[in-house]
Structures are given as structure tokens and as C-alpha cells.
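Using numbering that gives the first Met the number 0, you'd call the opening residue of the sequence shown number 0 and step up by one each time.
Hints may contain errors.
[To be verified] FRET-style restraints, in silico, Cβ to Cβ:
#1 ARG100 with ALA68: 17 to 25 Å
#2 LEU90 with ALA58: 36 to 44 Å
#3 ALA58 with HIS99: 32 to 40 Å
#4 THR103 with GLY10: 28 to 36 Å
#5 ALA116 with PRO8: 27 to 35 Å
#6 ALA95 with GLN46: 43 to 51 Å
#7 ALA119 with ALA12: 23 to 31 Å
#8 ARG87 with ARG121: 18 to 26 Å
#9 VAL91 with ARG54: 43 to 51 Å
#10 GLN46 with ARG100: 15 to 23 Å
#11 ALA68 with ASP27: 19 to 27 Å
#12 GLY32 with GLU69: 20 to 28 Å
The set of hints was computed from the structure by calculation and includes no laboratory data.
Cβ atoms here follow ideal geometry from the backbone N, Cα and C, with glycine treated the same way.
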Amino acid sequence: MPARTASHPSGAARTELIADTALALLADRGMRGLTHRAVDEAAGLPQGSTSNHARTRLALLRTAVRRLAEREAAVLTIDEMPAPSGGRPQLVDAMALALHRYLTRHPELLVARYELALEARR
Numbered sequence: 000m001p002a003r004t005a006s007h008p009s010g011a012a013r014t015e016l017i018a019d020t021a022l023a024l025l026a027d028r029g030m031r032g033l034t035h036r037a038v039d040e041a042a043g044l045p046q047g048s049t050s051n052h053a054r055t056r057l058a059l060l061r062t063a064v065r066r067l068a069e070r071e072a073a074v075l076t077i078d079e080m081p082a083p084s085g086g087r088p089q090l091v092d093a094m095a096l097a098l099h100r101y102l103t104r105h106p107e108l109l110v111a112r113y114e115l116a117l118e119a120r121r
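Let's have the full structure, built from the sequences with the hints guiding it.
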């Protein structure tokens, strides 16, 4: 068994790495490209690491969905939105600006979200 190093994080850091890598694979390769082995390879983890964390494909998808929600919540904070002071039209403008920032700064999250939504529909 390899010693735990910066390249082989443990605990919460490993969970986060697996989840972030799963999201990146969803964005780059789609649902078919998301496998336990692909996550291990892309994350630089020993083979079987992702399977240890998420035994099934469903568990891996749940890990990715949880991380997507965490990352989107961090991106779409109230602090990012300009404070509307002129009522509804300004609120709509502020929300549109926040959405535009999200879409342009984090397109990989949007693509991963679409992949997950399409899979849920099938």
C-alpha cells in the first residue's frame, strides 16, 4: 500500500478530490466517461481508491451531485450579487448578472449539471 503523501490525500481531502475529479470527467467525457477507474487515473490515485469510497456507480454519482451542490452554493452566494435598491427590475438584473458570472466563470459545473440532469431523465 502506498504511503499517504500530498499526491495521495486521505479522508475528506480524498473525498473532495474524487468528487471534483468526477465532475471534471462528467464535463469532459460525459456520463460514459465517468468510471471508477477513470476517476482514479485522472486524480492520480491508486487503482481501487474510488471504489473504496463509492462502491457503486450510483454512489459515485451521488458523490458528484453532492459536490456539485457544494460548489454551486459557494459560487452563487449572496455576496456575489450586487445589492438591488430599486425594486423588482434591479433584482432581476442582479440575478441575471449572478447567473452570467456563474456560467462564464464555471462552465464545467454547468456541463456536469446538464450531464447529470440528462442521466436522471433517462
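- request: Give me the numbers of the hints this structure contradicts, sorted from smallest to largest.
  value: 8 and 10
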